[in-house]
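**Student:** So the chains spell out like this:
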Amino acid sequence: MIMKTIVNKIVLSAATIGLLIASCSDKDLAVQPRQSISSETALTSVNSVDAAVIGVYATLKSRVLYGRDFMAYGDVMADNAVATNKSGRLVGEGRNNVNAHYANWGTAYSAINDCNLVLDAIPRISAATATQRDRWEGEMRFIRALLYHDLMRSYAYAPTFIVSASNRGGVVLRSTAVDNKDTAAAFRPARATIQQCYDFIINDLTIASTKLQTSARAGAPHFATRAAAQALLSRVQLYNGNWAAARDAATAALTGGVGTLTTAANHVAGWRASTHPESIFEVRFAIAAESLGVNEALQTTYTSMGAIGAPSTNGGWGDMVPNAVTLNAVGITGFPSALSIANTAALPTLTRTSDVRNQLFEWGGQRTNPRFIECTKFFGKSGFLNVDNVPVIRHAEVLLIRAEAHYRLGNEAAALTDINTLRTNRGLTAVTLTGNDILEEILRQRLAELAMEGHRFHDLKRLGRDITKDPSVGFTLAITDFRVLAPIPNGELIGNPNMQQNPGY
Amino acid sequence: MRKLLMLLIGLFVTVSSILAQTRVITGKVFDDKGAPIANASVLVKGTTIGTNTKEDGSFSLSVPASAKELVVSSVNFERQEIKLSASNNYTARLKASSEDLEEVVVTGYQQTKKREVNAAVSRIEAKQIENIPVPSVDRLLQGRASGVQVNANNGVPGGAVNILIRGAGSINAGNQPLFVVDGVQINGTTTNIQTQTNPIAFLNPSDIETFEILKDAAATAIYGARGGNGVVLITTKKGKAGKNEINFNMQYGATQPLKYFDILNISEITQARIEALQNSNPRASAAAVRASALAGLGIPGTATDADIANLRNYDWQREGLRNGNLRQLELSLRGGNEKTTYYISGSYNTTEAIVDPVNFSRGTLLTSLSHKVNRKLSVETSLSLSTISQNGPFGGAGGGAFLGNIAFAAATILPHNPIRNADGSWYGLPGSGQAVAGILSFNPMAVNALNTSKQRTNQMVGSFTINYEILKGLRYTGKFGLDYRLVQTEFYGDPRLDEYLNRRGFGSANSDWNTNFLTFHTLNYNRTFNNKHSVTGLAGMEYRSDVQERIGASAEGFPTADFRTINSAATPLGATGFWTGNKIFSLFARAGYEYDRRYSVTFSLRRDGSSRFGANNRFATFPSVQVGWNVTNEKFMERTSNWLSNMKVRYAWGQSGNDQIGNFDALGLFGGGRQYNSTPGIFYSQLSSPTLRWELRTENNIGLDLGFFKDRITTSVDVYRRINSKLLLARSLYQSTGFTSFTDNVGEVTNEGVEMNLGVKIIDKAFKWRTNFIFAYNKNFISKLYDGLEVLPGNNAIRVGAPLGSFFVANYAGVNPATGRAMWFKADGSLTYNPLIPADQRLSGQTIPVYNGGFENVFSFKNFEATFFFNYEYGRTVSDGQVNFMSEIGGRAFNALQEMYDARWKTPGQITSVPRPFNGNTDFASQGRFTGQRYLFKADYIRLRTVMLAYNFPRSFLSKAKMSLARFYVQGTNLWTYADYPGYDPEFVGAATGIVPQNKNITVGLQLGF
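Chains as they are written, first to last, in this note's numbering: chain A, 29 to 533; chain B, 2 to 1011.
By construction, these hints were calculated from the structure, which means they are not laboratory data.
Watch out, some of these pointers could steer you wrong.
[To be verified] Among chain B residues calculated to face chain A with C-beta under 10 Å, some are:
1) G439
2) N459
3) T581
If you're wondering where the values come from, they're calculated on a predicted model, not measured in any experiment.
Ideal Cβ placement from N, Cα and C applies to all residues, glycine included.
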């Protein structure tokens, strides 16, 4: 009898559990994630919008943006740097191989959409103050403009030099956010004209300058400011050939109160500081976890020694080094014509001019024979191996932009003043030049000042000058060659009659 | 290890002592026609004292004086009790049980008579896979069941295995089958942090009684949304009433590399580098090129050719790829009485991969108990505990940072680099002043020896089951199961090595939990009326919840290399965390009817609700129907019965689903994890897809089973057409939307195929020769995408008409004899150095084989047995990263394959397929030398998968030694392969750069039964 009761109890309890489960409803089946939040409620509070803004800044650290490519490619694809083939990285770019090019399309558009999501959300956040709204809008327009200009630099010609036969326009302009799958699936991108794109970027920067006038958050140059917007605007107008606008924006940026020009005495120290004193906008890499790692960070890309001034120690790969063009521009001679020397051989003594910028170049480490002269602008400045802040735009560049604008406007005296301001702050003497010699001096200063910061390729491209590759690569890339423009990702073209690929791909 | 052994010995002693005896009863057991019954159980009632009958039906049993009754039972016979009197000799005649004398098959939630199963189900029995030392049992399926294709991803013991049942049906969702162990669905998640894991590596292969593989949708429909890729049902050994059986098995052997590459010496490498540098810079002087080449190879610039030829070449391959030990030890006990039965087994296995320090060691304990409470109620419990510890290769789970993996580095490092110094220390450590030359600029042997990559898996799979017979034929079963897994990983980057020197060491630790709870409750009905109408029914409900959690931390800056846990580090670097989960609730039913053992029909229906799917589409229904006609049992077949012993025609149709996507793929999400200026940020990580639902598999299967000459020849043929529609596809978006894809139900994949088994007893006398041939053909193609697209944007290889896993690349046209440059074909057939993407690309092979199968031969003569088992694959193409690296011949400072070096282009006019060496590997204004078809290889192979030679000690010896079994065997795995493949192993899945290759092994073993 007792046995039977136990039996009944067991069966009854099991069956009850079964019934409880049977009553399981649709609601019980909902499982919510814990490290993500629903997109429906994500951008409805001040805190979450602010977090989304931070999320956009964070994308600038991507390898294909300012993590590496927008620093390294502009030199290795040009005439002033070579890939050493130590790890094999950047070799294709160094030879301007087909498809070895900038690939910022997807990452940039993802970030642009994140900007647009915030811009669309701002009017809905009633709890935000006017200052917060201005700040968000200014920041998002600034970053959107930066991303768009970099897309233009990769995939399209600049207005100052267009190869008409190869011109397929600018890039895809989007000013509103994609926030659901139906809009996303229905979208068929098409390329706007080059001028439409430049107008869009200039409009963003103009509004950003206004919005950030008083609202910018603390932490410059790591966050957007009015000065940063003006500095970027001067660069964009230089590419756009609007010299007067470039000049005026440059002046506004130089007097905007963010950063100062370094002097001959502190220029090298400026490159050793975590935050570059000249930076008007700089992408911050704060902690070790943000490193792009031992293969792709800028430190490992540019250098192979373990410590500055210690070529016997081992560090990164040193995949990309300056060639004679850069070294001569900064005033270094005495290196072998092959640029390298075996680990076992004695290091040739380098002859240096008074230009302080050449102190940022020295014989590299012995990891993976042979040694090259390497650039030490990025050397774990944030306090961790392979973690460096990346200056996006700094005083010296803006000064040179203004010099070039003055020159184009026929104001040679003002151009010379700007050039000589830079020269004397770099340990050089002032020069007196006229005519085309001024332009050549500006370009030489850009080469020396901005080496390994990703400008040379774009300078040659916007000026329509052929790229005379290093003798070890052994050819000249005509600026009309199709390889000057990057290929639009193939996926953008499939099933999309609106989109045009750049020629040759 | 020692503790486990003690435990096993302890168990052994305890059970032996039970065998105390007082009197000996002998006898014979016959069936009602007078034929002896072998293996019948004879048991003293109310005890576990018992024995099994021999071939001639005889038994001999020592019983205590107190014994009153014997219970005699055998499968398919009614039980009989014999009262003991003074006599010591008894004869039992067992009546055939009223149930059919039929083999039963586990078909999911119930057992079904094999005769009534009309869907495609394969069965593998313990006997077929006995004593093959594999760390995870899924490898045993290779070539043994038609239509089941198994690839070892790599040679990491206990690593992941790729299984496809009847081809791949899904583009983006998973294609791996569901594993169910004794009714408990196993969570298929693999946690590959420091090395690879395998969710069913917790099972000791010797504990398995059968595998049943449900292949078509009609068979898997009862598993609904989880059954779409096929289901593998594993039944472990259970106790049985009768005498205590003790089985002891030990095995010892060695693993060995499958192959070594034929590589260059330093003179040849120097020559290749000189050619590469000169070709890439024709204007440079020969002297400058030589200087540059020698500098890159770490050779003094003054060295002459003779000096270089005199450099010592070290054999890194034979130093790095070792012979590993393989040991297996098992002890199992099984027995019971008519009320309680048990099976207890313990095992310990260690397998060392051929790459030091990669290894696997596992201890398992399986306890299975069954108890009849009364006539109606019985309870069962099964508990499997296992602990696995693995040392992984440097560079993560068999891939990743391949440069440090010995499998990669041993063949590619420059051979004039010494391995060790004269004092035995590693050559080339930082601070030694010694530099390792070449791109592999560190000592890979030291890297693997000094770094630590560890992973420990503790897994418990257990269940508790209640059976209650409500009425005759109607039974309630309730099961509660748990699959719990904790994977702990640990990595330490040693500060004595270059990579970690400047960080003063790096450490990380992770813990990853999987908790998978399952319960189902079923009513099962099974009766035969008038010996003609057989009725079966099943109704049930099931609930399963799966949760996976992870935490991890990393740090750098260790005082010395002796401090190896992260608490001693100076700088914490990061903490990670992770949580995901899903729930599924289901109702299911099945009804079957068979008339007169001739015509049968079964219907099944399952309704699943899954948290993975969109709020608008949570529930799904999966029906199936199967019909069969046992032609043999027709009256008119009596005429042919002298040669046609069996004939059955089957047809099945069914639907099942695939839910193998991320747990939250239907939701629109903002993710975290981004940070800027030490402030956390969020971003739109995923677009919502509220109508997302399961992928639907619909399948028709026609089968024919034949037996000839009293089943001396048996064959079974299945023809199927499987269509996976509403694919869970990551639908590409134009990236300018800001997103790359969202998950949608679009597209369709078709698999069509034929499967065949042929078993022949070629010789069946004293010398026996039995052979079994398995063959499967599967044609796989994408039959539809969406929006009328022929190609999936973003992936040119996903196109209508193309098989999954296709390569879509430019066709290689060989080398221009005038210049030595690699050429490809353009779309119009002309030659180019720069094939366009995608205009000049063509389909060029697929990674999933078209044909595969196995071929088994079993010979026996008296006490000797020999088994030779082959498996084969045909129609598979793969790319092999390691071979690519080794085909650079001087493009970078790596070693290369001799055959590539010998065939390279050297002089104008030379006809060859290997282009000239070129520094950086990409010739002037060309695509890279490995573009397109040039990096693809045919991976067809036939492999002698296992050889087993065994000697069974004769009966006379056994009875003297009081043993029931003594067997000595020699086993070999992967001993011979026929393939035209340049890499380590044609079975590789993936890029094959720095993956630990599979090995061969030879073991000897001894199996004893008491």
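**Student:** State for each hint whether it applies.
**Tutor:** Each hint tested on the structure:
Checking G439/B against chain A: minimum C-beta separation of about 7 Å stays under 10 Å; hint holds. A least Cβ separation of about 24 Å between N459/B and chain A goes past the 10 Å threshold, and the interface hint is therefore violated. The restraint placing T581/B at the interface with chain A holds, with a minimum CB-CB distance near 7 Å, inside the 10 Å limit.
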